[in-house]
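Student: Quick mapping for you: the protein sequence lines, in order, are chains X and U. The letter at position 72 of the first sequence is residue 72 when you use the numbering used here, and the numbering goes up by one with no holes. The letter at position 38 of the second sequence is residue 150 when you use the numbering used here, and the numbering goes up by one with no holes.
Worth flagging that the hints you see were computed from the coordinates, not collected in a lab. Any given hint could be a false lead.
As the list claims (entries may be wrong) - Some chain U residues near chain X, calculated using beta-carbon distances under 8 Å: (1) Ser155; (2) Leu158; (3) Asp177; (4) Pro221.
Note that CB positions come from ideal geometry on N, CA and C, so glycine has one too.
What follows is each chain in one-letter form.
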Amino acid sequence: AQSVTQLGSHVSVSEGALVLLRCNYSSSVPPYLFWYVQYPNQGLQLLLKYTSAATLVKGINGFEAEFKKSETSFHLTKPSAHMRDAAEYFCAVKSSSYKLIFGSGTRLLVRP
Amino acid sequence: GAVVSQHPSWVICKSGTSVKIECRSLDFQATTMFWYRQFPKQSLMLMATSNEGSKATYEQGVEKDKFLINHASLTLSTLTVTSAHPEDSSFYICSASAGEAYNEQFFGPGTRLTVL
Numbered sequence: 001a002q003s004v005t006q007l008g009s010h011v012s013v014s015e016g017a018l019v020l021l022r023c024n025y026s027s028s029v030p031p032y033l034f035w036y037v038q039y040p041n042q043g044l045q046l047l048l049k050y051t052s053a054a055t056l057v058k059g060i061n062g063f064e065a066e067f068k069k070s071e072t073s074f075h076l077t078k079p080s081a082h083m084r085d086a087a088e089y090f091c092a093v094k095s096s097s098y099k100l101i102f103g104s105g106t107r108l109l110v111r112p
Numbered sequence: 113g114a115v116v117s118q119h120p121s122w123v124i125c126k127s128g129t130s131v132k133i134e135c136r137s138l139d140f141q142a143t144t145m146f147w148y149r150q151f152p153k154q155s156l157m158l159m160a161t162s163n164e165g166s167k168a169t170y171e172q173g174v175e176k177d178k179f180l181i182n183h184a185s186l187t188l189s190t191l192t193v194t195s196a197h198p199e200d201s202s203f204y205i206c207s208a209s210a211g212e213a214y215n216e217q218f219f220g221p222g223t224r225l226t227v228l
């Protein structure tokens, strides 16, 4: 069975600082991994996805994530945080039955 | 890009009434649609998966008689919360997929249900 664990329910950074949101996965098969962002009272927007091609995946809004099989990780990074990046971020893995299994989410706070 | 809409965006109803939420894929045919529920400050929990023209598959613990799902066409799925109670108040989000295993799900903007 697949699962994801997001370490840190809240991450606070200063504007311009590096953003690092952690995600570890568990999967018995090669995983498809996703990062989504959710702004208040809105649905989810796909930031990026890993589907067994390049291990370094670039997404929208300057975000990227690196798939590390040896560490079973898919951490999300952005070199320089903007105020508009403040939101909830979800890591997800697609199960063998095509369902998305979400992590518990990480709220990113950006300080001015 | 693929766009999914939901209607209404929010609804307030009295306890005991039924509420229907629509999910539409606007520019693609969705062979599979998913319904999620999200409580405040929590993650999304899958309620059910529906394929066009067939009965929905519900997740364990989700009452199929309370949450009626219909996927009558390749662009429309509906979720009806029957005899709603305050504990059904939540944020309901749908997503749609064109079907391949690696294809992403495109999410709707969500519907905020408040049951008084």
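Student: Hints first: check each against the structure and report whether it holds.
Tutor: Each hint, compared with the structure:
1. Ser155: holds (5 Å)
2. Leu158: Holds. Min distance 6 Å.
3. Asp177: violated (22 Å)
4. Pro221: At about 4 Å, which falls below the 8 Å cut-off, the nearest Cβ of chain X leaves the hint on Pro221(U) intact, so it holds.
The structure shown violates just one earlier hint, number 3.
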